[in-house]
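Got chain Y; can you put chain E on it based on the hints?
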Amino acid sequence: MITKRIIACLDVHGGRVVKGVQFVDLVDAGDPATQAARHAREGADEIVLLDITATHEGRATLLDTVRRTARELFVPFCVGGGIRTADDAAQVFEAGADKVSVNSAALADPMLIDAIGRNFGAQAVVVAIDARRDPSGDDPVRDAQVFVQGGRKPVGRRVVEWAREAEARGAGEILLTSMDSDGTRAGFDCELTAAVSEAVGIPVIASGGAGTVSHFTDVFARGKADAALAASIFHFGISSARLLKVELAREGVSVRLPC
Amino acid sequence: MRVTVIDYKAGNLTSVLKALRHIGAEVEVTDADLAPIASAERIVLPGVGHFAATQYLDSTGLTTAIRAAIGRGIPFLGICVGMQWLYAGSTEALDQPGLGHFSEQCARFSESHEKVPHVGWNSLEVKVNSRLLAGVDAGEFVYFTHSYKAPVSADTAAVTQYIEPFASAVERENVMGVQFHPEKSGETGLKILRNFLSWEGQGAV
Chain Y
-16 MITKRIIACL
-6 DVHGGRVVKG
4 VQFVDLVDAG
14 DPATQAARHA
24 REGADEIVLL
34 DITATHEGRA
44 TLLDTVRRTA
54 RELFVPFCVG
64 GGIRTADDAA
74 QVFEAGADKV
84 SVNSAALADP
94 MLIDAIGRNF
104 GAQAVVVAID
114 ARRDPSGDDP
124 VRDAQVFVQG
134 GRKPVGRRVV
144 EWAREAEARG
154 AGEILLTSMD
164 SDGTRAGFDC
174 ELTAAVSEAV
184 GIPVIASGGA
194 GTVSHFTDVF
204 ARGKADAALA
214 ASIFHFGISS
224 ARLLKVELAR
234 EGVSVRLPC
Chain E
288 MRVTVIDYKA
298 GNLTSVLKAL
308 RHIGAEVEVT
318 DADLAPIASA
328 ERIVLPGVGH
338 FAATQYLDST
348 GLTTAIRAAI
358 GRGIPFLGIC
368 VGMQWLYAGS
378 TEALDQPGLG
388 HFSEQCARFS
398 ESHEKVPHVG
408 WNSLEVKVNS
418 RLLAGVDAGE
428 FVYFTHSYKA
438 PVSADTAAVT
448 QYIEPFASAV
458 ERENVMGVQF
468 HPEKSGETGL
478 KILRNFLSWE
488 GQGAV
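If you read the protein sequences in the order shown, they are chains Y and E.
The numbers in this note's numbering rise by one with no breaks, and the one at position 201 of the first sequence is 184.
The numbers in this note's numbering rise by one with no breaks, and the one at position 126 of the second sequence is 413.
The set of hints was computed from the structure by calculation and includes no laboratory data.
This one's a predicted model, so the numbers in the text were calculated from it and none came from an experiment.
Just so you know, not all the hints are guaranteed correct.
Derived, one-sided and incomplete: chain E residues facing chain Y with beta-carbon distance under 8 Å [claimed, not checked]:
| no. | residue |
| --- | --- |
| 1 | 301 |
| 2 | 305 |
| 3 | 405 |
| 4 | 410 |
| 5 | 432 |
| 6 | 448 |
| 7 | 471 |
| 8 | 473 |
| 9 | 476 |
| 10 | 477 |
We treat Cβ as the ideally placed atom computed from N, Cα and C, and that holds for glycine.
So that you can see chain Y by itself, here it is in the shape it has in the complex:
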């Protein structure tokens, strides 16, 4: 039986893992390669490395980080942040990533999705969407809006429509972050996740708001998520993906165990 994936996310800044709330008050949390290996050893089904600086000057550092992280990693490895062109993606793949995640660059130039998919296959393209409910909409969930710049700037597109377009252009997965829930540790936005998951035929990874085991149970059941991203929960709450999955299995969620 296919299992629900628990994906460990590492936010990286200048070649170091950082933790913080909403990208402020960043605290050094170690070396990306070491942290990724630890998460894989402790049962994570996949690793996402997100370069939150993503500056042009930082590219060489990022590629070096990806190379070092990929070296001893034998689970799927996705890299996001600062991938603006198919060439950028090619370099990240060459350094050892299995998938790239694209966000604002794909909004600016949707053909980027087609280009990466054509060269590396749909399975290698994750389209990340930062979303907020639209309180002024007829249906705040179905009218949820796509945001960029850390959730500060709306781009004037509905989340559900953009997810559908990404699928049509050849995205293999959608990484959906609720900017309303992100950093709150009060639970995923299950309604929004379900709306997107039902609108597309490709897997949806839920992100933003994880704080307890029941938040994961909820997003897999009510939110119809295929996978869930966990970042701060491993810093503040449950100490490993394995422990989280043991608890999820107890609640009847199909997960990869033993792992």
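Below, chain E without anything else, positioned relative to chain Y:
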């Protein structure tokens, strides 16, 4: 242990090369050059992406060279699209034949309420006599990402259930294939690659 990995320009080889080196293989990569195939001890055909990309194997003469190597008894492992290519063909690219070593045809998952592609960790129901999957216990998981799959047949070495039962591994004498990605399947995947490396096929050096 020397392994020849074929680069047919369909996606990214880095992960496969890294996993093979990690378990101690001496890895050689070849694309259009046929000489390494003629002297190969073991061959791996990886592949992510579209079945149509296997056209490269025909146009470069690799198909003929691989067929000869298989005839010599060289252990051969196809991964993902590399496994599908061992069959007669795929509905993903009807005008592009496969090797035809296995007579069935690959097809897309049937329409259902489940997501396609099939992405994630799923389990294997292993046939007891599989050498490639020796030591893989019931309930061990491997990582899949694909929309097309091979049907279950007499040569199926493992069955996986998603929408319908499909062949997640195939094996007949020296020719083996896996639909999942052993290079991305943790310790279970490395164990399967080690089985491939240590298998003493007829004619293997």
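Worksheet item: Which numbered hints turn out to be false for this structure?
Response: Those not satisfied: there are none.
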